[in-house]
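Protein chains in written order, with our numbering: chain P, 1 to 246; chain B, 1 to 498.
Hints were generated in silico from the structure; no laboratory data involved. A portion of the hints provided could be inaccurate.
Keeping only pairs whose Cα atoms sit at most 20 Å apart, straight-line, the calculated EDC-like set for lysine to aspartate or glutamate is [said to hold, decoys possible]:
| # | chain 1 | residue 1 | chain 2 | residue 2 |
| --- | --- | --- | --- | --- |
| 1 | P | Lys-67 | B | Glu-451 |
| 2 | P | Lys-70 | B | Glu-16 |
| 3 | B | Lys-132 | B | Glu-36 |
| 4 | B | Lys-414 | P | Glu-63 |
| 5 | B | Lys-180 | B | Glu-36 |
| 6 | P | Lys-110 | P | Asp-165 |
| 7 | P | Lys-67 | B | Asp-407 |
| 8 | B | Lys-188 | B | Asp-84 |
| 9 | B | Lys-54 | B | Glu-296 |
| 10 | B | Lys-397 | B | Glu-477 |
| 11 | P | Lys-70 | B | Asp-84 |
| 12 | P | Lys-170 | P | Glu-63 |
| 13 | P | Lys-70 | B | Glu-409 |
| 14 | B | Lys-191 | B | Glu-296 |
| 15 | B | Lys-180 | B | Asp-427 |
| 16 | B | Lys-58 | B | Glu-5 |
| 17 | B | Lys-180 | B | Asp-407 |
| 18 | P | Lys-67 | B | Asp-136 |
| 19 | B | Lys-128 | B | Glu-36 |
| 20 | B | Lys-180 | B | Glu-39 |
| 21 | B | Lys-191 | B | Glu-133 |
| 22 | B | Lys-188 | B | Asp-407 |
| 23 | P | Lys-67 | B | Glu-409 |
| 24 | B | Lys-191 | B | Glu-285 |
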Amino acid sequence: MSALTTLFALLLYFAAAVMIAGLAYKIFQYARTPAPLKIPTTPAPLSAAGAGLRVAREVLLFESLFKSNKWIWLFGAIFHAALALALIRHLRYFTEPVWTWVVVLQPFGKYAGYALVIGLIGLWARRLFQARVRYISHASDHLILLLLVAIAASGLAIRYVVRTDIVALKAFVLGLLYFDWQPLPGDPLLLIHLALVAALMIVFPFSKLLHAPGVFFSPTRNQADNPRERRHLSPRAALLGNHKDA
Amino acid sequence: MAKKEFHIPELTGHTEVPDIVDGAMAHCRPFVAGAEHQEALGFPGELVEGWEQKAIAKLGELLERNRALRVYLDTCVKCGACADKCHYFLGTGDPKNMPVARQDLLREVYRRYFTLSGRLAPRMVGAKDLTKEVLDDWYTYFHQCSQCRRCSVFCPYGIDTAEISMAAREIMDHIGLGQKYSNEIIAKVHKIGNNLGLPPRALENTLEGLEEDVKEETGVDVRFPLDVEGAEIMLVSPSADFFAEPHVDGLIGYAKVFHQAGVSWTISSHASEAANFAMFIGSYEHMRRIAGRIREAARQLGVRRIVFGECGHAWRAGYSFLNTLAGPWDFLDSRYPVPQHICEFTYDLIGRGALGLDASANDDMTVTYHDSCNVARASRMGEAPGGQFHIPRELIKASVNRFVDMDPETTHGKTFCCGGGGGLLTDDLLELRVKGARPRMQALKEVVEEEGVTHIAAICAICKSQFSTVLPHYGFEMDMTVSLHQLVGNAIRLGAKE
């Protein structure tokens, strides 16, 4: 086994471990932290099912963002939808045989790469040229955009400019999954693409990418509006006990 | 206090997003609580030795006990959706009044002490040590947030800056840097039972005076009972209703409604305050103590129902928190919600045809309605979502012939704060209050000019006081603001039933 294959195999294992363990830790932390009071932003659904639907609309349609700012919504929606398609398209490297629905989505996935870049550039332009957004941006906000653009651009380059041996690549990926390592093609663009993806996975649980799990735990969105009908008691409130009546 | 002059540009009738003016409001901060007011609440009297470590420890404690704080400090992606949504930013142009920038004042410190990226690469991720300079910014800008939650409506993750500013104020209280206005008031409630420090005797005299006034005006014996054991309903109202204009006209309205309903009711001197200012300083313990007074009073008087008067943050504390803080309420009449809003009570009566209203009594007015922020975005009325918008408007329409709504971008869930909520209704913040009211005043200007609106009705003690103060700064009459139940009270045909 070449040093290159070993190096990337270990890097990708490490990145996956950091992302999974880091996210699991954050999700566990969010879940066990009590929500002491009822704070849904109203008007809010009256039932838990309705609140679940509200969260689903935030996740799938970016409902609140749409109310807020059509440009951020547009570029954000393009970026996230394209990212989803690109990820789905990449599933073909992880499954043998490739799942039918993944095959069906392949042609759309091809264009997703371009949409990804367009969405990111739109978001980045706002960050650079809109004074309010520039004011609230730190270096890390630009770097994460740079990282995503570089991932998308290197991916597009592999697809359309300097193709790699995708059969060998798939063997490598499946080898990682089944702990039966296969050689990784040594094309520089592919190596760059994989290294950047590993970097993204590693920073995920330590960065604002935590908005992905965070949105599910937002009390203003996931709580039902029923405080009079049902007494909300967090473990901490229960600990304080009820008022002693004279 | 030396009155600082500040410039108020002419209203245009439309809210434009201002350019950023760095530090535009850096000079505007409320009086710091003295030792007396701090210690009365169990907080240190002055900035303590080693406040940096103590503040970080307190932040750590709050992160463990409040999921919203933890999630919201992590989740923000700096998209800027909230940046142009805060009335204080729109009114001042100070970038630290953009909700995200306000949150960042705490988030930067959180990142430095509680996240790996902030420990390893503080400059890259905008993480900061907690210095005196940062603490100064905290004190200034977390007291330029009225906790109105408008930003939380527009955030893709529902990040609520109110949660952040409450946490920051709680931290500051615990290191000895409290705000005079709120803490002084909370101590009065603990000691006497209301924000004004109005003792039972004074309350009794006031209510007797009101009975005489109404008798003189209408010839009808409308009662304003105090501490009546065995009454059906206990009214919990903001104490401003007992003396301030136009609040007191609202109280007269409630009394007339109860009179017509033929229901026995009472005010309690023990719980003579609906507003729970402990919410403003993010103190669960003090909020619980104040809420506990309502329970004690209800028990002591043996009432069957609790009705809240017109007050925005009070209705949040009542509707959303009372059951958690002071429940269960199983000793009250289970056929009615606990608590019930006076608007819900009146609305039910109208629905049953039990209230004779003559809207022509208000024909000298064309009325618009200001949705109070905490009623709009932190509570509900009635059975269905949005009842908090629908029910007050229905009451106005039943009491007034000419009703006009303001620009929909400034009403319902998108309503602008009056500019005085969240513990900021104090003269030492007058500049902030006037500037923060600007978006509301712009929308008002539009309906005054285009629809001939003469009055703006509100259901919040803070909104009413704030409007009375700021309206003249914008060239309006101060008595343009009215209580919703003042309109109802004017229109009620006493004695008559349909």
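These are the hints, each one checked on the structure:
{"no.": "1", "hint": "Lys-67(P) x Glu-451(B)", "result": "27 Å, violated"}
{"no.": "2", "hint": "Lys-70(P) x Glu-16(B)", "result": "17 Å, holds"}
{"no.": "3", "hint": "Lys-132(B) x Glu-36(B)", "result": "23 Å, violated"}
{"no.": "4", "hint": "Lys-414(B) x Glu-63(P)", "result": "15 Å, holds"}
{"no.": "5", "hint": "Lys-180(B) x Glu-36(B)", "result": "10 Å, holds"}
{"no.": "6", "hint": "Lys-110(P) x Asp-165(P)", "result": "17 Å, holds"}
{"no.": "7", "hint": "Lys-67(P) x Asp-407(B)", "result": "16 Å, holds"}
{"no.": "8", "hint": "Lys-188(B) x Asp-84(B)", "result": "37 Å, violated"}
{"no.": "9", "hint": "Lys-54(B) x Glu-296(B)", "result": "35 Å, violated"}
{"no.": "10", "hint": "Lys-397(B) x Glu-477(B)", "result": "23 Å, violated"}
{"no.": "11", "hint": "Lys-70(P) x Asp-84(B)", "result": "13 Å, holds"}
{"no.": "12", "hint": "Lys-170(P) x Glu-63(P)", "result": "38 Å, violated"}
{"no.": "13", "hint": "Lys-70(P) x Glu-409(B)", "result": "15 Å, holds"}
{"no.": "14", "hint": "Lys-191(B) x Glu-296(B)", "result": "14 Å, holds"}
{"no.": "15", "hint": "Lys-180(B) x Asp-427(B)", "result": "12 Å, holds"}
{"no.": "16", "hint": "Lys-58(B) x Glu-5(B)", "result": "38 Å, violated"}
{"no.": "17", "hint": "Lys-180(B) x Asp-407(B)", "result": "36 Å, violated"}
{"no.": "18", "hint": "Lys-67(P) x Asp-136(B)", "result": "34 Å, violated"}
{"no.": "19", "hint": "Lys-128(B) x Glu-36(B)", "result": "32 Å, violated"}
{"no.": "20", "hint": "Lys-180(B) x Glu-39(B)", "result": "12 Å, holds"}
{"no.": "21", "hint": "Lys-191(B) x Glu-133(B)", "result": "35 Å, violated"}
{"no.": "22", "hint": "Lys-188(B) x Asp-407(B)", "result": "39 Å, violated"}
{"no.": "23", "hint": "Lys-67(P) x Glu-409(B)", "result": "11 Å, holds"}
{"no.": "24", "hint": "Lys-191(B) x Glu-285(B)", "result": "16 Å, holds"}
Going down the numbered hints, you'll see the structure goes against 1, 3, 8, 9, 10, 12, 16, 17, 18, 19, 21, 22, while the others check out.
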